[in-house]
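When you get a sec, could you build the whole thing from the sequences and use the hints?
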Amino acid sequence: MDHLHHARISSREHGSISPSQKRKTGLLAGAKEILSAIAHTPETMRRLGPVQLFTWLGLFCMWLYFPVAVAHNVFGANDPTSPLYKEGIEWGGICFAAYSAVCFVFSFTLPFLARKIGRKKTHTACLLCGAIGLISVVVMHNKYMLLFTMLGVGIAWASTLSMPYAMLAATLPPERTGVYMGIFNFFVVTPEILASLFFGWIMTHFLHNNRIYAILAGGLCMLIAAALMQRVTDPRTLSVQDI
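Counted from 1, the sequence shown has number 11 at position 6 by our numbering; the numbering is strictly sequential.
Below 20 Å or equal to it, Euclidean Cα-Cα: the simulated DMTMM-like pairs (lysine to aspartate or glutamate) are: (1) K125 to D239; (2) K148 to D84; (3) K126 to D239; (4) K121 to D239; (5) K126 to E48; (6) K148 to E95; (7) K148 to E92; (8) K125 to E48.
Just the calculated beta-carbon pair ranges, DEER-fashion: (9) P178 to N215: 44 to 50 Å; (10) E180 to P55: 21 to 27 Å; (11) W206 to R52: 25 to 31 Å; (12) E180 to E95: 46 to 52 Å; (13) N214 to A106: 27 to 33 Å; (14) N83 to G123: 45 to 51 Å; (15) V193 to F113: 20 to 26 Å; (16) M150 to S105: 16 to 22 Å; (17) Y149 to A174: 38 to 44 Å; (18) Q235 to L166: 17 to 23 Å; (19) T209 to F117: 41 to 47 Å; (20) F191 to V143: 26 to 32 Å; (21) F211 to R52: 25 to 31 Å.
Keep in mind the hints are simulated off the structure, nothing from the lab. All C-beta atoms in this analysis are idealised placements derived from N, C-alpha and C, irrespective of residue type, glycine included.
See below:
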(Lines of atoms letter the chains of each structure in order from A and count residues from 1; the text may use other names and numbers.)
(Lines give C-alpha, C1' and ligand atoms only; values in the text may rest on other atoms or scores of the structure.)
Protein backbone atom coordinates (compact mmCIF):
# COMPACT_ATOMS: atom_id res chain seq x y z
CA MET A 1 0.00 0.00 0.00
CA ASP A 2 2.82 2.42 0.90
CA HIS A 3 4.42 1.72 -2.47
CA LEU A 4 1.14 2.51 -4.31
CA HIS A 5 0.67 5.69 -2.26
CA HIS A 6 4.17 6.91 -3.06
CA ALA A 7 3.63 6.11 -6.76
CA ARG A 8 0.49 8.26 -6.85
CA ILE A 9 2.28 11.15 -5.11
CA SER A 10 5.21 10.82 -7.53
CA SER A 11 2.82 10.79 -10.48
CA ARG A 12 1.14 14.01 -9.35
CA GLU A 13 4.49 15.64 -8.65
CA HIS A 14 5.70 14.91 -12.17
CA GLY A 15 2.52 16.29 -13.72
CA SER A 16 1.37 13.10 -15.44
CA ILE A 17 -1.86 13.40 -17.47
CA SER A 18 -4.63 10.81 -17.34
CA PRO A 19 -5.95 9.25 -20.58
CA SER A 20 -9.22 11.19 -20.28
CA GLN A 21 -7.31 14.45 -19.91
CA LYS A 22 -5.22 13.58 -22.96
CA ARG A 23 -8.40 12.98 -24.98
CA LYS A 24 -9.87 16.30 -23.90
CA THR A 25 -6.62 18.06 -24.72
CA GLY A 26 -6.53 16.36 -28.13
CA LEU A 27 -10.14 17.31 -28.93
CA LEU A 28 -9.53 20.90 -27.87
CA ALA A 29 -6.40 21.12 -30.00
CA GLY A 30 -8.28 19.63 -32.98
CA ALA A 31 -11.13 22.12 -32.58
CA LYS A 32 -8.66 25.00 -32.41
CA GLU A 33 -6.91 23.73 -35.54
CA ILE A 34 -10.20 23.58 -37.47
CA LEU A 35 -11.30 27.05 -36.33
CA SER A 36 -7.89 28.46 -37.23
CA ALA A 37 -8.07 26.81 -40.66
CA ILE A 38 -11.55 28.25 -41.27
CA ALA A 39 -10.37 31.72 -40.26
CA HIS A 40 -7.54 31.51 -42.81
CA THR A 41 -9.45 29.77 -45.60
CA PRO A 42 -7.78 30.30 -49.00
CA GLU A 43 -9.66 32.53 -51.43
CA THR A 44 -10.13 29.73 -53.96
CA MET A 45 -11.78 27.52 -51.36
CA ARG A 46 -14.12 30.29 -50.21
CA ARG A 47 -15.31 30.74 -53.78
CA LEU A 48 -15.48 27.05 -54.63
CA GLY A 49 -17.60 26.33 -51.54
CA PRO A 50 -20.83 27.89 -52.88
CA VAL A 51 -20.23 26.18 -56.24
CA GLN A 52 -20.10 22.81 -54.50
CA LEU A 53 -23.13 23.62 -52.36
CA PHE A 54 -25.40 24.42 -55.32
CA THR A 55 -23.98 21.57 -57.40
CA TRP A 56 -24.71 18.97 -54.75
CA LEU A 57 -28.08 20.49 -53.94
CA GLY A 58 -29.01 20.00 -57.59
CA LEU A 59 -27.74 16.43 -57.53
CA PHE A 60 -29.68 15.58 -54.37
CA CYS A 61 -32.87 16.98 -55.91
CA MET A 62 -32.34 14.60 -58.80
CA TRP A 63 -31.50 11.57 -56.65
CA LEU A 64 -34.51 12.10 -54.38
CA TYR A 65 -37.19 12.74 -56.99
CA PHE A 66 -36.10 11.62 -60.46
CA PRO A 67 -37.52 8.05 -60.51
CA VAL A 68 -40.93 9.20 -59.24
CA ALA A 69 -40.89 12.11 -61.71
CA VAL A 70 -40.28 9.63 -64.53
CA ALA A 71 -43.13 7.39 -63.38
CA HIS A 72 -45.57 10.32 -63.11
CA ASN A 73 -44.60 12.60 -65.97
CA VAL A 74 -43.18 10.27 -68.60
CA PHE A 75 -45.06 7.02 -67.97
CA GLY A 76 -48.25 8.76 -66.82
CA ALA A 77 -48.62 6.48 -63.80
CA ASN A 78 -50.15 8.03 -60.67
CA ASP A 79 -50.99 4.86 -58.80
CA PRO A 80 -47.91 3.62 -56.89
CA THR A 81 -49.31 0.08 -56.94
CA SER A 82 -49.72 -0.10 -60.72
CA PRO A 83 -47.32 -2.06 -62.95
CA LEU A 84 -46.78 1.05 -65.09
CA TYR A 85 -45.62 3.01 -62.04
CA LYS A 86 -43.16 0.24 -61.19
CA GLU A 87 -41.91 0.29 -64.79
CA GLY A 88 -41.35 4.05 -64.54
CA ILE A 89 -39.34 3.68 -61.32
CA GLU A 90 -37.24 0.96 -62.93
CA TRP A 91 -36.60 3.16 -65.97
CA GLY A 92 -35.43 5.90 -63.62
CA GLY A 93 -32.89 3.43 -62.26
CA ILE A 94 -31.75 2.66 -65.81
CA CYS A 95 -31.26 6.40 -66.40
CA PHE A 96 -29.09 6.56 -63.27
CA ALA A 97 -27.01 3.68 -64.64
CA ALA A 98 -26.69 5.58 -67.93
CA TYR A 99 -25.28 8.73 -66.35
CA SER A 100 -22.86 6.62 -64.30
CA ALA A 101 -21.61 5.02 -67.51
CA VAL A 102 -21.24 8.44 -69.14
CA CYS A 103 -19.32 9.64 -66.07
CA PHE A 104 -16.89 6.73 -66.38
CA VAL A 105 -16.21 7.29 -70.07
CA PHE A 106 -16.07 11.08 -69.92
CA SER A 107 -13.66 11.11 -66.97
CA PHE A 108 -10.89 9.99 -69.36
CA THR A 109 -11.33 13.16 -71.44
CA LEU A 110 -11.24 15.60 -68.51
CA PRO A 111 -7.42 15.93 -68.32
CA PHE A 112 -7.28 16.71 -72.06
CA LEU A 113 -10.04 19.34 -71.81
CA ALA A 114 -8.51 20.90 -68.72
CA ARG A 115 -5.14 21.25 -70.45
CA LYS A 116 -6.77 22.83 -73.50
CA ILE A 117 -9.17 25.33 -71.93
CA GLY A 118 -8.31 25.30 -68.21
CA ARG A 119 -9.97 23.75 -65.20
CA LYS A 120 -12.31 26.68 -64.58
CA LYS A 121 -13.80 26.67 -68.07
CA THR A 122 -13.93 22.88 -68.11
CA HIS A 123 -15.90 22.68 -64.87
CA THR A 124 -18.18 25.53 -65.94
CA ALA A 125 -18.99 23.80 -69.22
CA CYS A 126 -19.63 20.49 -67.46
CA LEU A 127 -21.98 22.11 -64.95
CA LEU A 128 -23.87 23.75 -67.81
CA CYS A 129 -24.24 20.33 -69.43
CA GLY A 130 -25.68 18.98 -66.20
CA ALA A 131 -28.07 21.93 -65.86
CA ILE A 132 -29.30 21.53 -69.44
CA GLY A 133 -29.71 17.79 -68.91
CA LEU A 134 -31.89 18.19 -65.81
CA ILE A 135 -33.92 21.12 -67.11
CA SER A 136 -34.66 19.30 -70.37
CA VAL A 137 -36.30 16.46 -68.40
CA VAL A 138 -39.29 18.79 -67.97
CA VAL A 139 -40.17 18.61 -71.67
CA MET A 140 -39.31 14.94 -72.23
CA HIS A 141 -42.21 12.55 -72.77
CA ASN A 142 -40.34 9.69 -74.38
CA LYS A 143 -38.48 7.36 -72.05
CA TYR A 144 -35.64 6.83 -74.51
CA MET A 145 -35.06 10.56 -74.83
CA LEU A 146 -34.39 10.63 -71.08
CA LEU A 147 -31.18 8.73 -71.78
CA PHE A 148 -29.92 11.73 -73.75
CA THR A 149 -30.59 14.03 -70.79
CA MET A 150 -28.38 11.76 -68.73
CA LEU A 151 -25.44 12.58 -71.01
CA GLY A 152 -25.30 16.05 -69.50
CA VAL A 153 -25.75 14.76 -65.96
CA GLY A 154 -22.95 12.21 -66.40
CA ILE A 155 -20.59 14.89 -67.73
CA ALA A 156 -21.35 17.16 -64.76
CA TRP A 157 -20.94 14.27 -62.32
CA ALA A 158 -17.52 13.34 -63.70
CA SER A 159 -16.26 16.90 -63.36
CA THR A 160 -17.78 17.38 -59.89
CA LEU A 161 -15.82 14.42 -58.59
CA SER A 162 -12.48 15.79 -59.73
CA MET A 163 -12.20 19.39 -60.92
CA PRO A 164 -13.07 21.26 -57.70
CA TYR A 165 -10.59 19.16 -55.74
CA ALA A 166 -7.88 19.63 -58.37
CA MET A 167 -8.30 23.40 -58.23
CA LEU A 168 -8.45 23.42 -54.45
CA ALA A 169 -5.39 21.23 -53.88
CA ALA A 170 -3.16 23.70 -55.70
CA THR A 171 -3.98 26.46 -53.17
CA LEU A 172 -3.72 24.57 -49.87
CA PRO A 173 -0.71 24.70 -47.52
CA PRO A 174 0.74 21.16 -47.41
CA GLU A 175 0.61 20.97 -43.61
CA ARG A 176 -3.15 21.66 -43.61
CA THR A 177 -4.30 19.83 -46.72
CA GLY A 178 -6.18 17.15 -44.77
CA VAL A 179 -7.94 19.69 -42.57
CA TYR A 180 -9.05 21.83 -45.50
CA MET A 181 -10.23 18.85 -47.54
CA GLY A 182 -12.36 17.80 -44.59
CA ILE A 183 -13.80 21.29 -44.24
CA PHE A 184 -14.44 21.41 -47.99
CA ASN A 185 -16.60 18.31 -47.67
CA PHE A 186 -18.97 20.32 -45.47
CA PHE A 187 -20.22 21.76 -48.75
CA VAL A 188 -21.23 18.24 -49.79
CA VAL A 189 -22.87 17.21 -46.52
CA THR A 190 -24.75 20.48 -45.97
CA PRO A 191 -26.83 20.28 -49.20
CA GLU A 192 -27.80 16.71 -48.30
CA ILE A 193 -29.04 17.84 -44.89
CA LEU A 194 -30.89 20.82 -46.37
CA ALA A 195 -32.54 18.71 -49.07
CA SER A 196 -33.56 16.00 -46.59
CA LEU A 197 -34.96 18.40 -43.98
CA PHE A 198 -36.57 21.16 -46.00
CA PHE A 199 -37.20 20.14 -49.60
CA GLY A 200 -40.19 18.01 -48.63
CA TRP A 201 -41.80 21.12 -47.15
CA ILE A 202 -40.98 23.08 -50.30
CA MET A 203 -42.52 20.32 -52.41
CA THR A 204 -45.75 20.46 -50.40
CA HIS A 205 -46.17 24.23 -50.11
CA PHE A 206 -44.64 25.56 -53.32
CA LEU A 207 -44.23 22.80 -55.91
CA HIS A 208 -47.60 21.07 -55.40
CA ASN A 209 -45.83 17.72 -54.93
CA ASN A 210 -44.94 17.68 -58.61
CA ARG A 211 -41.60 15.88 -58.76
CA ILE A 212 -40.77 17.25 -62.17
CA TYR A 213 -40.51 20.70 -60.59
CA ALA A 214 -37.96 19.29 -58.17
CA ILE A 215 -35.87 18.12 -61.13
CA LEU A 216 -36.22 21.60 -62.65
CA ALA A 217 -35.06 23.11 -59.34
CA GLY A 218 -32.06 20.78 -59.42
CA GLY A 219 -31.17 21.98 -62.90
CA LEU A 220 -31.49 25.62 -61.83
CA CYS A 221 -29.21 24.94 -58.83
CA MET A 222 -26.61 23.52 -61.19
CA LEU A 223 -27.01 26.57 -63.43
CA ILE A 224 -26.33 28.81 -60.43
CA ALA A 225 -23.25 26.72 -59.65
CA ALA A 226 -21.96 27.29 -63.18
CA ALA A 227 -22.50 31.04 -62.77
CA LEU A 228 -20.68 31.05 -59.43
CA MET A 229 -17.71 29.32 -61.07
CA GLN A 230 -16.97 32.62 -62.78
CA ARG A 231 -15.85 34.01 -59.41
CA VAL A 232 -13.24 31.25 -58.98
CA THR A 233 -9.64 31.88 -59.98
CA ASP A 234 -7.76 28.80 -61.16
CA PRO A 235 -4.39 29.14 -59.39
CA ARG A 236 -2.15 27.54 -61.97
CA THR A 237 -1.98 25.61 -65.22
CA LEU A 238 -3.08 22.01 -64.97
CA SER A 239 -0.73 19.11 -65.48
CA VAL A 240 -1.82 15.54 -66.07
CA GLN A 241 -0.81 14.60 -62.52
CA ASP A 242 -3.31 17.08 -61.03
CA ILE A 243 -6.33 15.00 -61.99
